[in-house]
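Protein chains: 2
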Amino acid sequence: MAGQPKVTDSFWRRYMDVVRDEVIPYQWEALNDRIEGAAKSHAIENIRIAAGEAEGEFHGFVFQDSDVAKWLEAVAYSLAADPNPELEKTSDKLIELLGRAQQEDGYLNTYFTVKEPNARWTNLRDQHELYCAGHMIEAAVAYYEATGKRTLLDIMCRFADYIDSVFGEQEGKIKGYDGHQKIELALVKLYEVTGNKKYLNLSQFFIEERGKEPHFFDRESEARGDTKPFWYFSSYKYSQSHLPVREQKEAVGHSVRAMYMYAAMADLAEKLGDDSLKEACKRLWENVTNKQMYITAGVGSSEFGEAFSFDYDLPNDLSYTETCASIGLVFWARRMLNLEANSSYADVMERALYNGTISGMDLDGKKFFYVNPLEVWPDACSRHDKRHVKPVRQKWFNCACCPPNLARLISSIGQYIYTERNDGIFVNLYMGNEAEFDVKGRKVTITQKTEYPWDGTVSISVSPEEPTEFLIALRIPGWCRKAQLKVNGENVAIENTVNGYVYLNRTWSENDYIDLILDMPIERIKAHPRVRENAGKTALQRGPVVYCLEEVDNGTNLPNIFLPKSTRLEAHFDSELLGGIVVIEAEASRLEDSEWGPALYKPAEETFKPHRLSAIPYFAWCNRDPGEMLVWVNEK
Amino acid sequence: MAGQPKVTDSFWRRYMDVVRDEVIPYQWEALNDRIEGAAKSHAIENIRIAAGEAEGEFHGFVFQDSDVAKWLEAVAYSLAADPNPELEKTSDKLIELLGRAQQEDGYLNTYFTVKEPNARWTNLRDQHELYCAGHMIEAAVAYYEATGKRTLLDIMCRFADYIDSVFGEQEGKIKGYDGHQKIELALVKLYEVTGNKKYLNLSQFFIEERGKEPHFFDRESEARGDTKPFWYFSSYKYSQSHLPVREQKEAVGHSVRAMYMYAAMADLAEKLGDDSLKEACKRLWENVTNKQMYITAGVGSSEFGEAFSFDYDLPNDLSYTETCASIGLVFWARRMLNLEANSSYADVMERALYNGTISGMDLDGKKFFYVNPLEVWPDACSRHDKRHVKPVRQKWFNCACCPPNLARLISSIGQYIYTERNDGIFVNLYMGNEAEFDVKGRKVTITQKTEYPWDGTVSISVSPEEPTEFLIALRIPGWCRKAQLKVNGENVAIENTVNGYVYLNRTWSENDYIDLILDMPIERIKAHPRVRENAGKTALQRGPVVYCLEEVDNGTNLPNIFLPKSTRLEAHFDSELLGGIVVIEAEASRLEDSEWGPALYKPAEETFKPHRLSAIPYFAWCNRDPGEMLVWVNEK
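Chains A and B, in that order, give the protein sequences.
Using our numbering, you'd call the opening residue of the first sequence number 3 and step up by one each time.
Using our numbering, you'd call the opening residue of the second sequence number 3 and step up by one each time.
Since the hints were derived computationally from the structure, they do not count as laboratory data.
Treat the hints loosely; a few may be bogus.
Unchecked claim - Chain B stretches covered by chain A per the calculated footprint, using a threshold of three residues with CB under 8 Å from any CB of chain A:
1) 529–538
2) 560–573
Claimed, not checked - To give an idea of the chain A side of the interface with chain B (calculated C-beta under 8 Å), a few residues:
3) Lys293
4) Ser304
5) Trp379
6) Ile527
7) Pro531
8) Ala601
To be verified - Here's a subset of chain A near chain B, in silico, CB distances under 10 Å, partners left out:
9) Tyr296
10) Gly307
11) Tyr314
12) Leu316
13) Leu320
14) Arg353
15) Arg389
16) Gly480
17) Arg483
18) Asn559
19) Leu602
Note that the structure is predicted; figures quoted are calculated from it, not measured.
All C-beta atoms, glycine included, are put in the ideal place defined by N, C-alpha and C.
Next comes chain A alone, as it looks inside the complex (with noise of 0.2 Å):
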């Protein structure tokens, strides 16, 4: 692809503007701890001070600088879509600081610079070490390809290499590995734009050392005199490091890590053409996919270790379904779908990108969840618990992972549309954009325009420089029964897809066009009968989006809402709310309490009352007043 597609989607525009002009600036004002009544982060003033232009202490956690990498990553792509020169030039000052902040070895981390000198590698399963500078390098990577400045990339080469010469197989290097995965993923990238290949065989060193035994946490631990266990039930499945990664079979431990593992490990299967990581992959994709992941595509459904935690354990109130995660799992889907053109993939990473990622951030980016619940009951989120799902969005965490972690993925968003393959093109997303491709020589313009997601009508243009065979394939996606295809006005049958996707093969002509309509009827999904916290319950969802209750709309106690099997489901375009969003409405009932009585339990039937159900899409909740939140509605 010749550079990003160039967003023109009416839906994710206006989040890449929201990201442009209040998330970044914010978080510039953030790190640079401007912002007042904010949590310190201090994260450039550690850098100041790293580089020896500032006097003071390191202050943060040890993964402090990651967020200054996610930052220049969300800016770098910014830039790529919207050139803002002042914002380059702050990007390109921090930048050379950075620079005057690299040791003479290539070591950079200004944690270890300036606290803990002498520490550097003592302690890889705790002190984020090369998570941090992963971060770092996946912003050089993206910094370059959006200006073609080279000066971040060559800095992070440059501790690459280092990196390289400290761990590996060979006698006297340290044979290891990050607690917190993410270097792997960016050394796969670092590879991709340098085509060196001692990136890709570095973080193909990384996963595989993972979990071999003697166990390298425990060799680390024993070297620094460590005695304690480890605060995580003493178990390395925390970072998925229990067992080499291609035993894998369940998804265990963080989830962040968890994802951005098996990122990495797709990656690898890739460029390594290596089978047996690729069924790793598979075995881990279906076991998260279909037995540990909400409707929202959230992940980790246990606060404790910020988890994951057995099959069809999906309890909505007590999820943890960090913004991250499901982050993490569009990273990964992303890269599936590298290895293999499967809708499936697709369909994962649209339901995390229309509902568990953006619920992340409200419509005006200026607040922010870390736990994206399924069922808030703001009252319970005093119990002990539940104290980590909040019932408002915060402005700021001193954890600062999501934000940052939302406005790269946001401003990367065109990335997840296509897949080029040497036969062609596969589009994975619907959203209008314009994308230049080079296939078999020549150059392709795809437009596509579309309401999606609140309209399955998608017009797509394709015009090659000159009249080429090659594929175009379409997904249709796993929530549309019923699609209609027409190329140049002539309707296609799409009996035939393959793995989720409709192939045309053909001799594309400048200006020839694709309609796609595809169907999208409120449906009331179910989940498996194995997840027990909804039996007897319905989602409902119209194409990626999943809606939910709020209290604003239907008053308090909404477990008390019931929707009858048999009521017909309204959806219309309210353009007035939440930024533009198609509400659903619905005749239900609710249980009744006025008449009820004091007394906590008798024999009693029921007494139910009319109630005008109104849903709204799950992202936008908790953008009006706060209160109450359902995903799962009861049923009768």
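Take the given structure of chain A and dock chain B to it, following the hints.
Just chain B, lined up with the frame of chain A:
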């Protein structure tokens, strides 16, 4: 009453036998560290060390003495019911040992005597010093009443006298109280048995002082130079000392502490004729029983702090519902009945006795639950937020409060049947027993025969030594919607009940008899619509017994069982099952998963297949193959 009623009831007599034959002997071995594999108690050894008769260190909790006290109290009740010279000899020896462990000034507490002799009364908030004294006073009173032996009573009077010299309003005394209420209730008992009003006054002092500002725990912690905040949210709600007791309107904090305090308040309100204290008790009663109590009469919705949470927050799978808290609720209800003859207190007492208390012990008296949840999915007990929920009863606990507490409750069950008043006798509970009363100076013998709780027919004989006019008031249970009453074979109308009691005011003669037939159909109970957890669900109850589904009868995934609203429920007595219980059966349906396929979510019509639902009494769950359990069943 001349001693406690002799319980002949087949239901309770079996439990009393189990306590006598299993629990008391087992606990004695445990207290003496003679159970292989069990957590070390060291409780008796602590006393030996305190008495100077053994060498060693104190071991266990600061409240380890209370385990001994509760055991002695249970022994006392058991001896009253079933004389046992050998057990009495063992106890007498223990009491002598306690006497030798008592200090010159009357002080008796092995933790402080052995471990911190100079720290007496410096940390009432955390160290359970008066709590232990309270339990030992209760044991002393019970032992004296059972055996007529004064040794332990004298020991504890000396200790109470000493405590009275340390605590009080007067200059130089500590104006404080214990972090764990218990002594307040014990001192009332000591007053009743000794007639010494000093003890009543001291109890009143502790209750009145609680929650006053400047706060005693602040003053105390300042005196200790303690700078750390108190763990429990730094809130004195944990120990109900956040407000003076008369100003408390909602049950908060540690539920066992709360129950013991409310019970003491009810005692004091009665003995002192204190109306505002009575009002406070009634307010708290309304709050607990109408807003914070499970259908099993479990209380404490939150594991954190073993505590109440807030109104209508009654999650079935996260509850704490400690056995001891339900026992405490029985103590409180019993005292509310003394304060006011109102069957609603007896209804709750009965609910606790047949459900949330005895569920804490298996039928053999060998294993115990600390936590009594209403829904158990054993797999989910591995979740960090549900780790307090044990899927099977445990042999013994480190913190062994519940087993001996149950032992003393069951051994003294007869004390809960009647309330004596000057004008007659109130029958609160129906169970087989023989009791002697002194009514208006005359001996009256009352016997009950019944197969309660399985059958609602109760035969009561009333035999005064000579014809006497007095009141017999019979409780019509809240669960009973139709009752028949005959006196000497003649129908008596029961339209007019006074606060739930039928008043039979007449001249009773030898061999008069009452037949009471309480209709006991199976009821489908609904929870108040504000209990969101139970929307769309029903609980089965028959008489006072709440039912549950178990995996062993119903297969896995109990939330997938739906009970149609129209289904007929059938009850039958199964003498072979679980010691003889009434089983409830019904034609229900079960959500099918065999044809669902792998997808986690899809638009699907649910498939149901017929399921023969089988429910057993909640108290009897987990006495066969371990597995899932569920009280609130989905309805459709």
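Restraint outcome when Leu602 (chain A) is required to lie within 10 Å of chain B by C-beta distance: With a closest approach of 5 Å, the Leu602 (chain A) hint holds.
Under 10 Å, Cβ to Cβ, is where Arg483 (chain A) needs to be relative to chain B, so tell me if that hint holds or is violated. holds (8 Å)
Just to be careful: measuring from the Cβ of Gly307 (chain A) to every Cβ in chain B, is the smallest value less than 10 Å? Check passed: Cβ of Gly307 (chain A) comes within 8 Å of chain B, closer than 10 Å.
Measuring from the C-beta of Tyr314 (chain A) to each C-beta in chain B, is the shortest one below 10 Å? holds (8 Å)
Would the hint on Asn559 (chain A) be counted as holding, given a Cβ-Cβ threshold of 10 Å to chain B? holds (6 Å)
Does the closest beta carbon of chain B sit nearer than 8 Å to the beta carbon of Pro531 (chain A)? holds (4 Å)
Using Cβ atoms only, decide whether Trp379 (chain A) comes closer than 8 Å to chain B, and label the hint accordingly. holds (7 Å)
Given Ala601 (chain A) as an interface hint, is the shortest Cβ-Cβ distance to chain B below 8 Å? holds (7 Å)
Given Arg389 (chain A) as an interface hint, is the shortest Cβ-Cβ distance to chain B below 10 Å? Constraint on Arg389 (chain A) satisfied, holds at 9 Å.
Using the nearest Cβ pair, does Ile527 (chain A) come within less than 8 Å of chain B? holds (5 Å)
Taking the closest Cβ pair, is Leu316 (chain A) under 10 Å from chain B? Holds - the Cβ of Leu316 (chain A) comes within 10 Å of chain B, reaching about 8 Å at its closest.
The hint names Gly480 (chain A) as touching chain B; please verify it with the least Cβ-Cβ distance against 10 Å. Holds: closest Cβ of chain B sits about 9 Å from Gly480 (chain A), inside 10 Å.
Hint compliance for this structure: every hint is met.
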